[in-house]
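Listed below are the residues making up each chain.
2 protein chains.
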Amino acid sequence: MIIDMSAKVFARGGYHATGITELCVANDLGKGALYHYIGSKEELLAAIHDRVMDEVMFGANRVAERGGTPSQQLAMLGDELLDVIHLYPDHVWVFLHEFPALTGERAAQFRERRRMYERRVEAVLQAGVDTGEFRELDPRLTTMAWLGMHNYTYLWLKSGGRLSARDVAKPFAEIFMRGIATPTSKDDE
Amino acid sequence: MIIDMSAKVFARGGYHATGITELCVANDLGKGALYHYIGSKEELLAAIHDRVMDEVMFGANRVAERGGTPSQQLAMLGDELLDVIHLYPDHVWVFLHEFPALTGERAAQFRERRRMYERRVEAVLQAGVDTGEFRELDPRLTTMAWLGMHNYTYLWLKSGGRLSARDVAKPFAEIFMRGIATPTSKDDE
Numbered sequence: 001m002i003i004d005m006s007a008k009v010f011a012r013g014g015y016h017a018t019g020i021t022e023l024c025v026a027n028d029l030g031k032g033a034l035y036h037y038i039g040s041k042e043e044l045l046a047a048i049h050d051r052v053m054d055e056v057m058f059g060a061n062r063v064a065e066r067g068g069t070p071s072q073q074l075a076m077l078g079d080e081l082l083d084v085i086h087l088y089p090d091h092v093w094v095f096l097h098e099f100p101a102l103t104g105e106r107a108a109q110f111r112e113r114r115r116m117y118e119r120r121v122e123a124v125l126q127a128g129v130d131t132g133e134f135r136e137l138d139p140r141l142t143t144m145a146w147l148g149m150h151n152y153t154y155l156w157l158k159s160g161g162r163l164s165a166r167d168v169a170k171p172f173a174e175i176f177m178r179g180i181a182t183p184t185s186k187d188d189e
Numbered sequence: 190m191i192i193d194m195s196a197k198v199f200a201r202g203g204y205h206a207t208g209i210t211e212l213c214v215a216n217d218l219g220k221g222a223l224y225h226y227i228g229s230k231e232e233l234l235a236a237i238h239d240r241v242m243d244e245v246m247f248g249a250n251r252v253a254e255r256g257g258t259p260s261q262q263l264a265m266l267g268d269e270l271l272d273v274i275h276l277y278p279d280h281v282w283v284f285l286h287e288f289p290a291l292t293g294e295r296a297a298q299f300r301e302r303r304r305m306y307e308r309r310v311e312a313v314l315q316a317g318v319d320t321g322e323f324r325e326l327d328p329r330l331t332t333m334a335w336l337g338m339h340n341y342t343y344l345w346l347k348s349g350g351r352l353s354a355r356d357v358a359k360p361f362a363e364i365f366m367r368g369i370a371t372p373t374s375k376d377d378e
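Heads up: the sequence lines are chains A and B, in that order. Numbering of the first sequence is given in my numbering, commencing with residue 1 and proceeding in unit increments. Numbering of the second sequence is given in my numbering, commencing with residue 190 and proceeding in unit increments.
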């Protein structure tokens with residue numbers, strides 16, 4: 001698929017440094033055909049971003065449908081996010097590195113989709129505070145801490161490597177969940 | 190300074206897409222003078238990486254000299270790391286995005302320095318496990334969780350923004366420290 005192959009090319013050489021000719025070779029298409037399918041290089045970049053956001057939002061929707069406590073929801077969100085990072089290393093690399101190359105409407109749409117996902121995480125955190133499961137916390141900052149912990153695995157969590165996504169998701173969830181749990185009275189000095 | 194100005198140029202346009210001519214203009218130097226000072230574009234990239242690693246290791250050394258419990262050490266490491274990210278946004282952007290462009294000896298040196306810092310964090314975690322302050326944990330995975338949480342702030346923690354590095358370091362330390370603390374018997378089911 002053009003999007004997947006191009007994600008690989010961009011991840012290796014960088015978006016700006018990759019020419020249309022290179023994309024044609026990688027996709028085994030002539031210039032005319034490539035432009036017919038993708039419109040422009042930036043549209044291709046936007047499609048890669050959408051691909052990542054689609055997967056991430058599908059995961060978030062699955063989690064919401066499954067229900068459960070805020071702790072369970074947060075753990076499942078972590079599983080789903082690490083699955084995407086693990087399965088789409090090139091797309092995620094391009095997503096995290098090349099988003100400043102999106103312009104105008106495409107940049108605005110990307111920010112909006114990204115923000116939408118962050119709000120899902122924030123809502124789960126807030127729900128946990130409301131039920132008393134989580135201690136009083138800043139949902140926005142805590143979301144950024146959680147996202148950083150998970151997203152940053154794109155640098156070292158390799159498909160086919162020693163660790164599976166679950167091997168990482170479980171201890172990460174344990175750190176995070178204990179970190180935001182409402183302290184028992186004994187902890188609470 | 191050439192390194193700082195070039196970090197800005199690379200952060201904006203990407204390393205591969207930035208030509209020597211652009212670097213000359215930004216630094217207000219002729220080609221001959223630029224090559225005299227920097228040797229090659231890749232040497233400049235290595236110098237930016239070194240700049241970040243120097244600051245990060247200076248911080249880690251300050252923390253080691255100050256002493257304190259493993260919890261205090263880890264909190265101070267977080268303060269120092271966020272200070273670097275907050276003070277050197279362009280350098281850190283280039284550091285995290287363009288390291289694959291380093292080759293040969295320079296790539297090996299970069300990996301070694303990065304690993305050296307990670308080992309500092311791992312050692313503090315292991316010390317906390319040994320003293321019983323931290324629960325049994327995988328020091329390597331826990332280091333990567335900690336690093337991710339802190340490093341990822343480069344995407345949103347802005348110099349001159351609403352939040353200072355300390356505003357972020359404090360709640361992050363609280364999440365992480367509670368997350369790895371040895372549970373009190375009441376928690377320990």
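Treat the hints with care, since some could be wrong.
[Claimed, not checked] In silico DSSO-like pairs for lysine-lysine, Cα to Cα no more than 30 Å straight-line:
1. A:K8 x B:K197
2. A:K41 x A:K158
3. A:K41 x B:K230
[As the list claims (entries may be wrong)] From the structure, some residues in chain A lie toward chain B, with a derived Cβ separation under 8 Å:
4. L29
5. G32
6. L147
7. N151
8. I175
9. F176
10. R178
11. G179
If you are wondering where the hints come from, they were derived from the structure by calculation, not from laboratory data. Since the model is a prediction, treat every value here as computed from it, not as a measurement. Yeah, the Cβ is synthetic: ideal placement off N, Cα and C, and Gly gets one too.
Hint validity - A:R178 Cβ closer than 8 Å to any chain B Cβ: Nearest chain B Cβ about 5 Å off; hint holds.
Per-residue hint verdict: A:I175, partner chain B, C-beta under 8 Å: Given a least distance of 4 Å, the restraint on A:I175 holds.
Supplied contact hint for A:G179, tested at 8 Å Cβ to chain B: holds (3 Å)
Status of the hint placing A:N151 at chain B (closest C-beta pair under 8 Å): Since chain B brings a Cβ to about 6 Å from A:N151, closer than 8 Å, the hint holds.
Interface hint compliance - A:G32 to chain B, C-beta minimum distance less than 8 Å: violated (25 Å)
Satisfaction of the A:F176 interface hint, Cβ to chain B closer than 8 Å: Constraint on A:F176 satisfied, holds at 6 Å.
Pair hint outcome, A:K8 versus B:K197 [Cα-Cα no greater than 30 Å]: The given pair, whose Cα atoms are some 26 Å apart, holds under the 30 Å limit.
Restraint status (C-alpha distance of A:K41 to A:K158 at most 30 Å): Holds, at roughly 27 Å.
Chain B contact restraint on A:L29 - CB to CB distance below 8 Å: violated (23 Å)
30 Å limit on alpha-carbon distance, applied to hinted pair A:K41 and B:K230: holds (26 Å)
Closest C-beta approach of A:L147 to chain B relative to 8 Å, hint status: holds (7 Å)
In this structure, the hints that do not hold are numbers 4, 5, in rising order.
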